[in-house]
Amino acid sequence: MRIAVCINNVPDTSSKINVEADNKSISQKGLTFTLNPYDEFAIEEGLRTKEKSGGEVFVLNVGGESNKETIRKALAMGADEGLLIKSNQFELDSLTVAKLLAEEIKSRNSSIVFTGKQSVDYDNSAVGTMLGELLGFNSVSNVVAFSIDGETITAEREVEGGREVVKTTLPAVITCQKGINEPRYASLKGIMAAKKKVILEKEANVPESKIQYLSYKSPKAKSGGQILGADVTAVPELVKILKGAR
Amino acid sequence: MKRIVAFVEQRDGVIKGSSFEVISLANRLANQLNSEFVAVVFGDQIQNIENAGNYGAERIVHFKSPEAVNYSPKTYRDALLELIKKEEIGIILMSSTALVKDLAPRLAVHLDAALVSDCTDINVSGEELEATRPIFAGKAFEVVKAKTPYQIYTIRPNIFPAEKESKQIKIEEIPLATVDQSIVVQEVKKSSGKLDVAEASIVVSGGRGLKEASNFKLIEELAEVLGGAVGASRAVVDAGWRPHSEQVGQTGKTVSPNIYIACGISGAIQHLAGMSSSKTIIAINKDKDAPIFNVADYGIAGDLFEILPELTLQLRKGLSSE
Ligand SMILES: Cc1cc2nc3c(=O)[nH]c(=O)nc-3n(C[C@H](O)[C@H](O)[C@H](O)COP(=O)(O)OP(=O)(O)OC[C@H]3O[C@@H](n4cnc5c(N)ncnc54)[C@H](O)[C@@H]3O)c2cc1C
Ligand SMILES: Nc1ncnc2c1ncn2[C@@H]1O[C@H](COP(=O)(O)O)[C@@H](O)[C@H]1O
Chain A
1 MRIAVCINNV
11 PDTSSKINVE
21 ADNKSISQKG
31 LTFTLNPYDE
41 FAIEEGLRTK
51 EKSGGEVFVL
61 NVGGESNKET
71 IRKALAMGAD
81 EGLLIKSNQF
91 ELDSLTVAKL
101 LAEEIKSRNS
111 SIVFTGKQSV
121 DYDNSAVGTM
131 LGELLGFNSV
141 SNVVAFSIDG
151 ETITAEREVE
161 GGREVVKTTL
171 PAVITCQKGI
181 NEPRYASLKG
191 IMAAKKKVIL
201 EKEANVPESK
211 IQYLSYKSPK
221 AKSGGQILGA
231 DVTAVPELVK
241 ILKGAR
Chain B
1 MKRIVAFVEQ
11 RDGVIKGSSF
21 EVISLANRLA
31 NQLNSEFVAV
41 VFGDQIQNIE
51 NAGNYGAERI
61 VHFKSPEAVN
71 YSPKTYRDAL
81 LELIKKEEIG
91 IILMSSTALV
101 KDLAPRLAVH
111 LDAALVSDCT
121 DINVSGEELE
131 ATRPIFAGKA
141 FEVVKAKTPY
151 QIYTIRPNIF
161 PAEKESKQIK
171 IEEIPLATVD
181 QSIVVQEVKK
191 SSGKLDVAEA
201 SIVVSGGRGL
211 KEASNFKLIE
221 ELAEVLGGAV
231 GASRAVVDAG
241 WRPHSEQVGQ
251 TGKTVSPNIY
261 IACGISGAIQ
271 HLAGMSSSKT
281 IIAINKDKDA
291 PIFNVADYGI
301 AGDLFEILPE
311 LTLQLRKGLS
321 SE
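Protein sequences, first through last, are from chains A and B.
The numbers in the working numbering rise by one with no breaks, and the one at position 82 of the first sequence is 82.
The numbers in the working numbering rise by one with no breaks, and the one at position 243 of the second sequence is 243.
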């Protein structure tokens, strides 16, 4: 089975995000980038599917040259091949990204695609499900449990107040949420092997964006919180506040 | 003028609170754009469907089938696409729930639409909309404008007001002839009747300061007297004390309740990312320099093992005498 995994490169979640003085962009200074946390689950699920059903795992990313390092990380975990669809655009709308990915996945006849449920940069939660529609595949999003038996997929998706058990069939797109698996660490052997694996590259043909990004701003700072006390004597005051705020 | 559809969601035959926020927003934007809106809902019997009229809706289309009680991605998608074309809709408004996060990207593909997700503000500028949305889990915001003929906006629950405006509502039932079987919800596993953190108007969260899993009963009891939900930091989810469905933060749920109470949580940047848009934030932490106090409106810099039982006790007394 040809298994595709889409991965994104995002600022480390501990990064402090600063808006440039002209409010037109986010400062890239001091940001360190890493594999999107949810995409680790996608890689792991891709590898497990290969281990169970055979085939190869192909990872894709749309982004800048430096994202190769992140692709290399997926190869070190065990993916077979990588593709960088090169674009240096600062922010791309979800549908544009999904179309670029879909074109490549289609030309490689993948029958299953794993993505993260969300990129923790622009937090759209969209690309994976869009891919499904563009490819004409069934898709299940926000998946916390996954199993495949022949052509049949059983997936549990997290919803408010519980889980939905969903049945569908290949070809399919699965967007992965924490809980689906415990991603493996790259072994030393894996890291060495990854150095020899191929990362293909191609220039993205980026159409005009569907969204115009007008400005960026920082959240309003809270104006001086109030410490009510250091022990139980502060409780009555807090009770009053809670009653008022309800 | 762009016509608007407000997507309404039901669970167990009852329209969700966040859907009234969508209707109310559709009403405001329709007025400002000198346009019209229609609400739409899927399901079988819907107990409070008339309530849509209390928030400004004059029409609600009800796609009806006993099989459409659970979410059916392709059925919902196709019925909506048909309605959008027929009613000459340009703007699609939805609340950013788990269902909508699955449905909105599907619609976007078939309408070749800009999808602007999880908005915290939408305003009319000239004849167009400008939306503000949090990025980097709330560490910044961006202001955007969709440039496509069809535009989909999903809004973060509990941010937009659900303003009352009484209208005579017309309910238009459309039976769904077939329900798609290629992606089927076979079963809904409910997490034991508890309120979900993402939907609660009061959230009481606990962190590593609770020391061990069993001490979470202090959090549960406080949540119970307040009628709120229990939340957790990642540290305690990773330790296996609480399920991931309760995790608040960058890799957990994003919440914006009226009251968020953080107990024994240090306030790491990834935790703040999930709760900093809460209306009133209260921190209980014995370390007065903990970063959680930087975002808190009120705090007690003391031992949660002393404070929580007393707080729960006084609230229980106070609320029962109201
Ligand atoms: C990729 C990534 C994603 C992450 N995503 C999330 C996320 O989604 N959500 C999240 O929460 N974290 C997330 N984190 C983890 C985050 O960085 C912190 O490690 C975590 O939030 C800490 O949890 P905590 O506040 O419970 O524990 P700690 O930081 O250990 O804080 C415990 C606090 O309890 C206080 N305390 C101790 N005893 C008492 C007492 N008796 N009374 C009162 N106070 C007491 C202490 O003063 C301390 O401030 C993420 C990290 C990474 C790397
Ligand atoms: N630029 C990208 N390149 C490859 N995959 C991506 C890209 N952006 C998003 N994805 C995938 O789509 C998922 C959802 O992302 P998003 O819709 O951006 O929140 C991510 O977890 C990735 O798996």
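The hints are simulated quantities; they were obtained by calculation from the structure and are not laboratory data.
Any given hint could be a false lead.
[As the list claims (entries may be wrong)] Here are a few chain A residues that face chain B, going by a calculated C-beta distance under 10 Å: (1) Val120; (2) Ile148; (3) Gly179.
[As the list claims (entries may be wrong)] Computed list of lysine-lysine pairs in DSSO-like fashion (alpha-carbon distance at most 30 Å, straight line): (4) B:Lys74 / B:Lys85; (5) A:Lys106 / B:Lys189; (6) A:Lys50 / A:Lys29; (7) B:Lys145 / A:Lys29; (8) A:Lys50 / A:Lys195; (9) A:Lys243 / B:Lys164; (10) A:Lys16 / B:Lys286; (11) A:Lys24 / B:Lys279; (12) A:Lys86 / B:Lys2; (13) B:Lys16 / A:Lys243; (14) B:Lys74 / A:Lys50; (15) A:Lys16 / B:Lys288; (16) B:Lys288 / A:Lys220; (17) B:Lys64 / B:Lys85; (18) A:Lys196 / A:Lys106; (19) B:Lys147 / B:Lys189; (20) B:Lys147 / A:Lys202; (21) B:Lys286 / A:Lys167; (22) A:Lys240 / B:Lys317; (23) B:Lys164 / B:Lys194; (24) B:Lys85 / B:Lys2; (25) B:Lys189 / A:Lys52; (26) A:Lys50 / A:Lys86.
We put the beta carbon where it would ideally sit given N, CA and C, even for glycine.
For B:Lys64 and B:Lys85, compute the direct alpha-carbon distance and say whether it is at most 30 Å. The hint holds at about 19 Å.
Just to be careful, I want the Cα atoms of A:Lys50 and A:Lys195 compared with a cutoff of 30 Å; is the pair within it? 21 Å, holds
Are the Cα positions of A:Lys86 and B:Lys2 separated by 30 Å at most? 36 Å, violated
Is the Cα-Cα distance between B:Lys147 and A:Lys202 30 Å or less? 27 Å, holds
Mind checking the alpha carbons of B:Lys286 and A:Lys167 for me, to see if they're no more than 30 Å apart? 48 Å, violated
Regarding the pair B:Lys145 and A:Lys29, is the alpha-carbon distance no greater than 30 Å? 26 Å, holds
Residue hint A:Ile148, partner chain B, criterion CB-CB below 10 Å: Because about 15 Å separates A:Ile148 from the closest Cβ in chain B, which is outside the 10 Å limit, the hint is violated.
When the nearest CB of chain B is found for A:Gly179, is that gap smaller than 10 Å? At 5 Å from the nearest chain B Cβ, A:Gly179 passes the 10 Å test, so the hint holds.
Is the straight-line distance between the alpha-carbon of B:Lys16 and that of A:Lys243 30 Å or less? Given pair B:Lys16, A:Lys243 holds - Cα atoms ~25 Å apart, limit 30 Å.
Decide if the proposed pair is consistent with the structure: B:Lys147 and B:Lys189, CA atoms, cutoff 30 Å inclusive. 40 Å, violated
Can the restraint linking A:Lys16 and B:Lys288 be considered satisfied, given a maximum Cα separation of 30 Å? 22 Å, holds
Quickly compare the C-alpha distance for A:Lys196 and A:Lys106 to 30 Å and report which way the hint goes. 26 Å, holds
Taken one by one, the earlier hints fail for this structure at numbers 2, 5, 6, 12, 19 and 21, listed in ascending order.
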